[in-house]
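Participant: Starting from the known structure of chain A, fit chain B onto it as the hints suggest.
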Amino acid sequence: AQSVTQPDIHITVSEGASLELRCNYSYGATPYLFWYVQSPGQGLQLLLKYFSGDTLVQGIKGFEAEFKRSQSSFNLRKPSVHWSDAAEYFCAVGAQTKTSYDKVIFGPGTSLSVIP
Amino acid sequence: KAGVTQTPRYLIKTRGQQVTLSCSPISGHRSVSWYQQTPGQGLQFLFEYFSETQRNKGNFPGRFSGRQFSNSRSEMNVSTLELGDSALYLCASSSTGATTDTQYFGPGTRLTVL
Numbered sequence: 043a044q045s046v047t048q049p050d051i052h053i054t055v056s057e058g059a060s061l062e063l064r065c066n067y068s069y070g071a072t073p074y075l076f077w078y079v080q081s082p083g084q085g086l087q088l089l090l091k092y093f094s095g096d097t098l099v100q101g102i103k104g105f106e107a108e109f110k111r112s113q114s115s116f117n118l119r120k121p122s123v124h125w126s127d128a129a130e131y132f133c134a135v136g137a138q139t140k141t142s143y144d145k146v147i148f149g150p151g152t153s154l155s156v157i158p
Numbered sequence: 004k005a006g007v008t009q010t011p012r013y014l015i016k017t018r019g020q021q022v023t024l025s026c027s028p029i030s031g032h033r034s035v036s037w038y039q040q041t042p043g044q045g046l047q048f049l050f051e052y053f054s055e056t057q058r059n060k061g062n063f064p065g066r067f068s069g070r071q072f073s074n075s076r077s078e079m080n081v082s083t084l085e086l087g088d089s090a091l092y093l094c095a096s097s098s099t100g101a102t103t104d105t106q107y108f109g110p111g112t113r114l115t116v117l
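From first to last, the protein sequence lines are chains A and B. To get this note's numbering, take the position in the first sequence, counting from 1, and add 42. To get this note's numbering, take the position in the second sequence, counting from 1, and add 3.
Since the hints were made in silico from the structure, they are not lab data. Positions of the beta carbon are idealized from the N, C-alpha and C atoms, including for glycine. Do not rely on the hints blindly, as some may be mistaken.
[Unchecked claim] Quick list of simulated restraints, FRET-style, between CB atoms: (1) 81(A) <-> 55(B): 38 to 44 Å; (2) 56(B) <-> 50(A): 37 to 43 Å; (3) 53(A) <-> 72(B): 27 to 33 Å.
[Claimed, not checked] For lysine-lysine, the following DSBU-like pairs were computed, each having C-alpha atoms within a straight-line distance of at most 35 Å: (4) 16(B) <-> 60(B); (5) 110(A) <-> 91(A); (6) 16(B) <-> 145(A); (7) 145(A) <-> 103(A); (8) 145(A) <-> 110(A); (9) 60(B) <-> 145(A); (10) 145(A) <-> 4(B); (11) 103(A) <-> 91(A); (12) 60(B) <-> 4(B); (13) 16(B) <-> 110(A); (14) 4(B) <-> 103(A); (15) 145(A) <-> 91(A); (16) 4(B) <-> 16(B); (17) 103(A) <-> 60(B); (18) 60(B) <-> 110(A); (19) 60(B) <-> 91(A).
The shape of chain A in the complex, shown without the other chains (with noise of 0.2 Å):
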C-alpha cells in the first residue's frame, strides 16, 4: 500500500541550530516528492519538490531536501532555524506515472517549535 510516514510528531529545537525533519515513503513507482509547510491559521505553502535529477533539492526559506531512493527517504533540513520557522511540516508523495493532485499523498505533518 502507498504510504507515507513523518516519525516525528512533534519537534522542538532552540533557533540557530540546525533541523532535519524525516519523512518516509512506501510508493509502487518512481515517486514525486513534495514538502509543505503550513502556519498557524493558513493553508500551505511548497517548500521544495523532486521529480528527476539531482538529489538534493533546494527550496525557499533556506530549505533543502535529499532523496534517498534506497532509504525510501525524503529528509528535509535547514542549517540554521528561525522564530518564524515554527509552523507545521508536510510531506507529501505522489507518482511519476500520475501526474494530477488527487493522487498525492500527505503525511501526517511534523510539528515545530522554535525555542528563543
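Facilitator: Here is chain B on its own, set in the frame of chain A:
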C-alpha cells in the same frame, strides 16, 4: 498577484444543516482542488475542477459536492452536516492541475459542526 482567497474563514453550523464554501483561485489558474484537513485523518483530497468540470474525485460521500464557474471560482457544498465534517477545508489552485505545476493554497475555511 493576489493569492487564493477563501470565504468565509470561519463557520459554525449544526447537524443536518448544509453549508457552501467559496474559493477564488489565482488569476489565470484553471484548476481548483479542495481538501479536508482534520487532526485524525490529516489532509484528504475531496475533488478537483478544471474548466467548470469535475475532473477528479476523492473518496467522500455524495453529501460533498462542488462546482466551478466560468471565471474559475469554485464552491463546495456539504449537505446534511455531521459532527465528523468539522474540519479545515482548504482550496488550492494551479495552472493546469498537473503535479508539475505548483499548487497554491488558500488559508482555509474552519467549519465547526455542533
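Participant: Tell me the numbers of any earlier hints that the structure contravenes, in ascending order.
Facilitator: The structure breaks hints 1, 3, 13; every other hint is satisfied.
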